[in-house]
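*Asks:* Residues per chain, in single letters:
Protein chains: 2
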Amino acid sequence: MNIGIAGLGLIGGSLGLDLRSLGHYVWGISRSSDTCKQAVAIGAVDAACQEVSMIPYLNKTDVVFVCTPITAILPTIAAIAPQLSPKTIFTDVGSVKSAIVGEATKLCRFVGSHPMAGTAFSGINAAERNLFKNRPCVIAPTEDREAMVVVRSLWESLGMLIYECDAAVHDRAVAWISHLPVMVSAALIHSCQQEPDAEVVQLAKNLASSGFRDTSRVGGGNPELGRLMAEYNQTALLKTLHTYRDVLQSLIGEIENGNWDALQALLETTQAARPLYIK
Amino acid sequence: MNIGIAGLGLIGGSLGLDLRSLGHYVWGISRSSDTCKQAVAIGAVDAACQEVSMIPYLNKTDVVFVCTPITAILPTIAAIAPQLSPKTIFTDVGSVKSAIVGEATKLCRFVGSHPMAGTAFSGINAAERNLFKNRPCVIAPTEDREAMVVVRSLWESLGMLIYECDAAVHDRAVAWISHLPVMVSAALIHSCQQEPDAEVVQLAKNLASSGFRDTSRVGGGNPELGRLMAEYNQTALLKTLHTYRDVLQSLIGEIENGNWDALQALLETTQAARPLYIK
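Which chain is which? The protein sequence lines are A and B, in order. Take the first sequence: its position 24, counted from the start at 1, is 504 in this note's numbering, and no numbers get skipped. Take the second sequence: its position 65, counted from the start at 1, is 545 in this note's numbering, and no numbers get skipped.
Chain A on its own, in the form it takes in the complex (with noise of 0.2 angstroms):
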């Protein structure tokens, strides 16, 4: 096939890497030069530029992955999908999915994916193979069957597994395991900072140890990462931070009037729960 790939970050990189071993002829875009050129040489893409208009054969394309930062996705197709076949496809990799798919699907043939993968680094210079192997892929149904038949056999020709289901309950489920646990997290390292009594601050801090390292990991990440998981989605992440607030009260009640009992029931059904989510 004829594959574009809008964006050459690790994701879009790493992508380029796995459909170039697979044989696929593979076009990127970036707004940096010196990225298309680090691309190229890494052999990410065949050929890279920084204004789409520039890719030869652009009308032969078949699939365009659109790699960007999430508020970038929807301006991105706006800008590239009047210069193409409109029989081309586009899917994203964005970690929302109901704020772009409705929008997306007005400008182009969509189907919003989200697969599952990253490292602790980005950019094109830590793109590697495999990234998507045996990792989840999310893909949000939608009525054109043949596009979703073509996107989800690229995604599982790289090896990941393929979850099919709505936008609002993918939005709804990441919510839980990945938007939630940042606020979650950030919220503790913000309430030791409000601790007013310095001995104490500073024991915490010579003191912290694995504990307090795991918990407090992706409350200290990247802050417009968190912004934009809140800001692209907002209804399904308050409906979680709602639940957690309630719950957060019940297990202080249990603590303020000593329901010892009641507690350790709570934090057996925790260590029952945990598993379930853990591979």
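No lab work stands behind these hints: they were computed from the structure. Take the hints with a grain of salt, since some may be wrong.
Just so you know, same-sequence chains aren't split out, so a pair can sit in one copy or run between any two.
Dumping the calculated EDC-like pairs for lysine to aspartate or glutamate here, alpha-carbon to alpha-carbon at most 20 angstroms [what the hints assert, rightly or not]: (1) K719 x E734; (2) K719 x E679; (3) K613 x E644; (4) K759 x D694; (5) K685 x E748; (6) K517 x E608; (7) K567 x E623; (8) K685 x D646; (9) K759 x E679; (10) K685 x E644; (11) K586 x D542; (12) K719 x D677.
Starting from the structure of chain A, add chain B where the hints point.
*Replies:* Chain B in isolation, oriented as in the chain A frame:
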């Protein structure tokens, strides 16, 4: 020195291995005769019995380390202190100090300690050399300076980094970095259990990855330990939980009102603060 260890689990056993390698004579007691035999077999103690009265040269004991679970610390001291010389110094390894130090000081020459070391394992067979090396140890000062110096130098001889501070300051610091994270993390798991839509729950389980794994780790741990943290450190833990509840509410408010810049500013402070706690 002649040193006793009451409670031969991971901590007591590892302590015995290190103290014997430094040339001390070490005896141990455990409720289990199998544990006593095993402690001798692996070289963690020179002698071990279920009854302290069976230990030879008992009245020559210089220091006793009480390495039982928190609930057993005071009963253990009450049971064995009358059988030893009144000069014998006692210390403990409990993860709370205020609830222990005041009472223990009435029963014997006592110095409260909290060596912060451990592994994912427990029991005498998990004992290992150098478990305490380069790990922090809090000691709560007492008026008995001689006892302080003895206990401090023993922990230092194992390579521990000593922090002397009041029991109340210790308890507030560990509430922030150890006990609050357990409750925050448990509330996360328990919230996920409240989702009523089975399709969302199943997808959440399928998609959960490193972010959920890390944030939920300590909340999915030993329920009895979590209960004891709350029971023995109720006041300090509640203070952190009340602060956490306020911070969470203000974070929810920013998201409800779409104050994305304010949310990002908060996440920038947590990103900047976390490295101050993480070595």
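*Asks:* Now tell me if each hint is right for this structure.
*Replies:* Evaluated hints:
In this assembly of identical chains, K719 and E734 lie within 20 angstroms of each other by CA distance solely across copies; the values are 14 angstroms between and 23 angstroms within a copy. For the homomeric pair K719 and E679, the shortest alpha-carbon distance between copies (16 angstroms) is at most 20 angstroms, but the shortest distance inside one copy (38 angstroms) is not. For a Cα distance limit of 20 angstroms, the shortest separation of K613 from E644 inside one copy, 17 angstroms, qualifies, whereas the shortest one across copies, 51 angstroms, does not. Taking the shortest alpha-carbon separations for K759 and D694, both the intra-copy value of 17 angstroms and the inter-copy value of 12 angstroms come in at or below 20 angstroms.
Taking the shortest Cα distances, K685 and E748 sit within 20 angstroms of each other only across copies (19 angstroms), while inside one copy they are farther apart (29 angstroms). In this assembly of identical chains, the alpha carbons of K517 and E608 lie at most 20 angstroms apart only when taken from the same copy (17 angstroms versus 53 angstroms across copies). In this assembly of identical chains, the alpha carbons of K567 and E623 lie at most 20 angstroms apart only when taken from the same copy (15 angstroms versus 84 angstroms across copies). For the homomeric pair K685 and D646, the shortest alpha-carbon distance between copies (16 angstroms) is at most 20 angstroms, but the shortest distance inside one copy (44 angstroms) is not.
For the homomeric pair K759 and E679, the shortest alpha-carbon distance between copies (18 angstroms) is at most 20 angstroms, but the shortest distance inside one copy (40 angstroms) is not. For the homomeric pair K685 and E644, the shortest alpha-carbon distance between copies (15 angstroms) is at most 20 angstroms, but the shortest distance inside one copy (44 angstroms) is not. Taking identical chains as interchangeable, the C-alpha atoms of K586 and D542 lie at most 20 angstroms apart only when both belong to the same chain, with a minimum of 18 angstroms there against 81 angstroms between chains. For a Cα distance limit of 20 angstroms, the shortest separation of K719 from D677 across copies, 13 angstroms, qualifies, whereas the shortest one inside one copy, 35 angstroms, does not.
Comparing the model with each earlier hint shows no violations; every hint is respected.
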